[in-house]
Amino acid sequence: MQMRFKGKAITSMLGILPETVGLFDDEVGNYSFPPKQTLRLKKVMGFNQHRLAKDSTTVSDLALEGMKYILAKGWIKKEEIGAVVVATLCPDYFVPHISNIIHGECGLSEDVICMDIPQGCCGFLLGLMQSFMLLEHMNSRKVVLINGDVLSHKVSKRDRNDFPLIGDAATISIVENDAEAEEIYFELNTDGSRREALIIPAGAFRTPSNAETAVMHDLGDGNFRSLDNMHMDGSGVFNFVQTEVPPMIEHAFKEAGKTVDDIDCFLFHQPNRFMLQKLAEKANLPFDKLPMNLVENYGNPSGASIPLTAILNYKDELLKEKKMCCLSAFGSGLTWGAMFMEIGKLGHCEMIETEL
Amino acid sequence: MSEKEKIELLEEIMDLDLGTLHIDDTLKDYDEWDSLTVLTFISEIDSRFGKKISGEEIKKFVTVADAIAVME
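Protein chains in written order, with the working numbering: chain G, 26 to 381; chain R, 13 to 84.
Chain R with its partners taken away, still in its complex shape (with noise of 0.2 Å):
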């Protein structure tokens, strides 16, 4: 997965239109950094990339960069 598909994937997780987020930008600046995309969030890596991943490391994340880290 390239890093423009890793951005996209996060934005549909967010629920956000394609082309919103960058790399750099703060997650907590985005009122749809929330609970909901937290389930969404755990449940994508979970079916995409067999991978387990707890709330606790999700609120950890900064920046988009962080989230996208995980994807792999």
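This is chain G alone, in the form it adopts within the complex (with noise of 0.2 Å):
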């Protein structure tokens, strides 16, 4: 589905981290493999550092304390608030969601609109679409936009295929109506048949969690893992994302009516350095415009990726000027998608970490 969105802005953003890091050195031992062959994917991958969330955060806890901040430091107003959007895949509760929480822990007024979008690589742009679609009818009221997981709960400490690259975050954008705004370009793509390449198998109504689902299995490739772990086929992803994004990416440059040359930079998703590298290669995309640093700094957060991409290189810039950007997301679903989209001049754009 192809879609163009006019005045339409996001005008602040802010990257919440837990403050504990987790070093891929100290993890090594955790793995059933020989350690010159771990080793050998920090250097290829980018594994170095990622950010874990304690055993009893969740993402309403991270939103909260950033809530909490730009609250107080005045980036918004209560009473400008005309929803709460969270795209997450760790909910709290299967009910209440996490937008209730939200609204209820900040006092927000009763007319909020408050939805939660259970969604993962993609949750970024989809939260995006979501928020400029209410914004068509919310006048000058603003929409608050929450991405955030802490799969590291969900990740088996002994799967060297999905540990090492995930990290837990959150980030808040501000996303308004802005008349002067350029128009937005977005497309995205779904194919369901190939669903389960990126799957939690256990935990939900299809199959429950109990004592059988908590069992640690090596499935074969020498990766100890459960049913109620997440689980992502490594090379069924990095296929997917090589024969879908390229084609995708020219396809909507066409459609957009730009050239690599008009794009200050690539605001990707972050699975890891090699899947990005190999991704601009076939897709002729310049390196220095596409970061590919998120991982090794703070790991794979799904879908607070971008943004916090975006804070984490371009923070002082995007406060000044304003960029083209070009925002790429793909995973679970499968799902991926394209959005040309001005980012800049924003009244805010911060980092923050927390003892959560």
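Any given hint might turn out to be false.
[Unchecked claim] Below 20 Å or equal to it, Euclidean Cα-Cα: the simulated DMTMM-like pairs (lysine to aspartate or glutamate) are:
| no. | chain 1 | residue 1 | chain 2 | residue 2 |
| --- | --- | --- | --- | --- |
| 1 | R | K71 | G | E207 |
| 2 | G | K348 | G | D246 |
| 3 | R | K72 | G | D246 |
| 4 | G | K303 | R | E56 |
| 5 | G | K67 | R | E24 |
| 6 | G | K307 | R | D58 |
Don't read these hints as lab results, they were simulated from the structure.
From these two lone chains plus the hints, build me the complex, please.
Structure (structure tokens):
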């Protein structure tokens, strides 16, 4: 599906990181593979350190820390908020939703729309899409878009395919109407027939968690995980990204009437450095405009990857100037999308750390 | 590409010194025959030969000969 949005802008961005840092070097012994081979991954994938939330910390905890911060600092007033949109894979509960928890804890007014979107890697793009559509009906009220995940709780620490790349984090983006904003082009694709490439098999209604789903097995590749753990089919996802994303980017450029030279930065989902390098090579995108450093600094926090990459690499520039950005995400679903959007002259753009 | 060149490409993919592999070697005897090698193999076969290969197909290879047979 292709969409165009007029008069919509991101006006502030906040990253919220748990303060605990897990070092890849310290985790080498958790895996059943020879250390030399595991350390080869450090070089190629860019595994170095990742942020890990405490066992008791949820997405709403991280988001609330951020909400309190932006309200206290005056980034937004409570009465300006018209909707809270949360895109996550990690609900606090099946019911109530995280947006309702935020609403209650922040004391927002009763006419505020709250919605959670269960979504992984494409969570920022889907969240923006939903925010833009809501803003069509909200006049001067603003959308608070929250992305965040604590997937380290769902990934086995003995699974070298999944654990080293995962990082916990949340982001808050303020999205609002802006008559001056450049038109935004967006396209999104889905292939549900390949949905099991990224899966947490147990824990919801199909297969509730029990003693059996918690048992750790070597599933034939030397990685130990249970049915309660998240699993990614590494080579399947790699092939998916290499096959589907380059033609989508090419198509999006054509539809948006832009060329690579028009783009100041490529803000892509951050699975690992290897996959991003291969993708950039295949799609003929310039390495110097496509940051690949989120995984080595913080880990991959799923839907929060794109805003966190923007804050990590362009925090100061985004306060001063507008940049034409090509956003792209790809992952669970399987879902892949691209967006061309001008971002910049932000009111605020910061990264904070929390004890959570 | 000669057989020698193909073996050298496989050595490069597996991050091994040149001259390490022989045509009848069993891949699983090498620690380097791992998940990272599978991804690199997929990527090299795509960029050098314009061919798609799945992780499942690669995991079925037993010997060096099986792996280099797809390099064309």
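For each hint, the structure was consulted:
no. : hint            : in the structure
1   : R/K71 / G/E207  : 48 Å, violated
2   : G/K348 / G/D246 : 43 Å, violated
3   : R/K72 / G/D246  : 13 Å, holds
4   : G/K303 / R/E56  : 10 Å, holds
5   : G/K67 / R/E24   : 18 Å, holds
6   : G/K307 / R/D58  : 10 Å, holds
The structure shown violates the earlier hints numbered 1 and 2.
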